[in-house]
Amino acid sequence: MKQLNDLSLIAQVVVFHNTRAFDQLVKRYQSPVRRFFLNLTCGDGELSDDLAQDTFIKAYTNLASFKNLSNFSTWLYRIAYNIFYDYLRNRKGTDDLDTREVDANWNTFQKDVGQEMDVYRALATLKDIERTCITLFYMEDQSIEKIAGITGCPAGTVKSHLSRGKEKMATYLKQNGYDGN
Amino acid sequence: METNDDKLLLQFFAENRHEIEDNGFSHRVMRHLPRHCYKCIAQLWSLLSFVLAIVLFIALDGWELILHTLRETFNNVLLQSSTANLDPKSLLLVVVVLLYFVYRKICSLA
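Going down the list, the protein sequences come from chains Y and F.
Under my numbering, the first residue of the first sequence carries the number 1, and numbering increases by one thereafter.
Under my numbering, the first residue of the second sequence carries the number 1, and numbering increases by one thereafter.
Just so you know, not all the hints are guaranteed correct.
Listed below are the simulated BS3-like cross-link pairs for lysine-lysine, each with C-alpha atoms no more than 27 Å apart in a straight line [unchecked claim]: (1) F/Lys39 x Y/Lys27; (2) Y/Lys174 x F/Lys7; (3) F/Lys39 x Y/Lys67.
Partner residues are not named here, just some residues of chain F that face chain Y (Cβ under 8 Å, in silico) [stated by the list, open to error]: (4) Asp5; (5) Leu9; (6) Leu10; (7) Arg17; (8) Met30; (9) Leu33; (10) Tyr38; (11) Ile41; (12) Arg71; (13) Pro88.
None of these hints come from the bench; they were simulated from the model.
From the three backbone atoms N, C-alpha and C, an ideal C-beta is built for every residue, glycine too.
Okay, chain Y solo, but in the shape it has when bound:
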């Protein structure tokens, strides 16, 4: 039903250039897309919103190329993934995504300061691609096949990234006293 509704909104945007329909799509998907970027950037809210904005603008300009071979959300995550890796590539020319800088950022954006274990600190222990796979799988409930479609990696490679990321995160969580209770 949700997918049908998405298709109806997409058709209105593509055929009639109905920006109100696109506004509804943005409102519907802003939370998962911004949360995805928040996790990839380890909590940099300002950067996440900029990247999320670029994602929606790119989605708007390329909406006619959406062929409904996958869910709209999967298509949107793929754009978001490409935007993030374009950003990383451009950034690598000047400086690397430094986990220390990320650590400095996370405090300002963490709402629940009383929470002992911080998701962004834990995610910062992972490589970019591992973080992407872990975020999509555990936070955004995407299947391995969909993650493979989003990242353009074979399913086997996604499984390897997930396995390594899971191991690193579990070790980090246990070391920091998180046992799930």
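Following the hints, put chain F in place on chain Y, whose structure we already have.
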């Protein structure tokens, strides 16, 4: 198979999954969308240019000019072919090949 690490991570992410409030984000996105009116202006400009071209074509007697040019070209080709002793069969072959290419182009456009 779900391992202990799986359960740990599933619980950890479930606890940390929060919906993000819009807080003006969608409004900000909508303000930055490329404006459709620019596309309309471009289309209008193309239409005006096309109309102007048609008007000039009629005003300057375009058909007559084209026919005159074609006639001149045809006469020149005939004149040259008669002086250069071109083989009519070769000419026919060239015409057939050209017609075939035109036909393929039209088919590809259809």
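Cross-check of the supplied hints:
Between F/Lys39 and Y/Lys27 the CA atoms are separated by roughly 25 Å; this keeps the pair inside 27 Å, and the hint holds. About 13 Å separates the Cα atoms of Y/Lys174 and F/Lys7, which keeps this hinted pair within 27 Å; it holds. Between F/Lys39 and Y/Lys67 the alpha-carbon distance is near 23 Å, which keeps this suggested pair within the 27 Å criterion. The closest approach between the C-beta of F/Asp5 and any C-beta of chain Y is roughly 4 Å, which is under the 8 Å cut-off, so the hint is satisfied.
At about 5 Å, the closest approach between the beta carbon of F/Leu9 and any beta carbon in chain Y falls short of 8 Å, and the interface hint on this residue holds. Given hint, F/Leu10 at the interface with chain Y, holds; its Cβ is 6 Å from that chain's nearest Cβ, closer than 8 Å. Satisfaction of the interface hint for F/Arg17 is found here, the shortest Cβ-Cβ separation to chain Y being roughly 6 Å, below the 8 Å cut-off. Hint on F/Met30 holds. Least Cβ distance to chain Y is approximately 5 Å, under the 8 Å limit.
For F/Leu33, the suggested interface contact is upheld, since its CB lies about 5 Å from the closest CB of chain Y, less than 8 Å. The beta carbon of F/Tyr38 comes no nearer than 12 Å to any beta carbon in chain Y, farther than 8 Å, and the hint placing it at the interface is violated. Checking F/Ile41 against chain Y by beta carbon gives a least distance of about 14 Å; that is not within 8 Å, so the hint is violated. The interface hint given for F/Arg71 is broken, as the beta carbon of that residue sits about 47 Å from the closest beta carbon of chain Y, more than 8 Å.
The beta carbon of F/Pro88 is not positioned within 8 Å of any beta carbon in chain Y (closest approach about 52 Å), and the interface hint is therefore violated.
Of the numbered hints stated above, those contradicted by the structure are hints 10, 11, 12 and 13, listed in ascending order.
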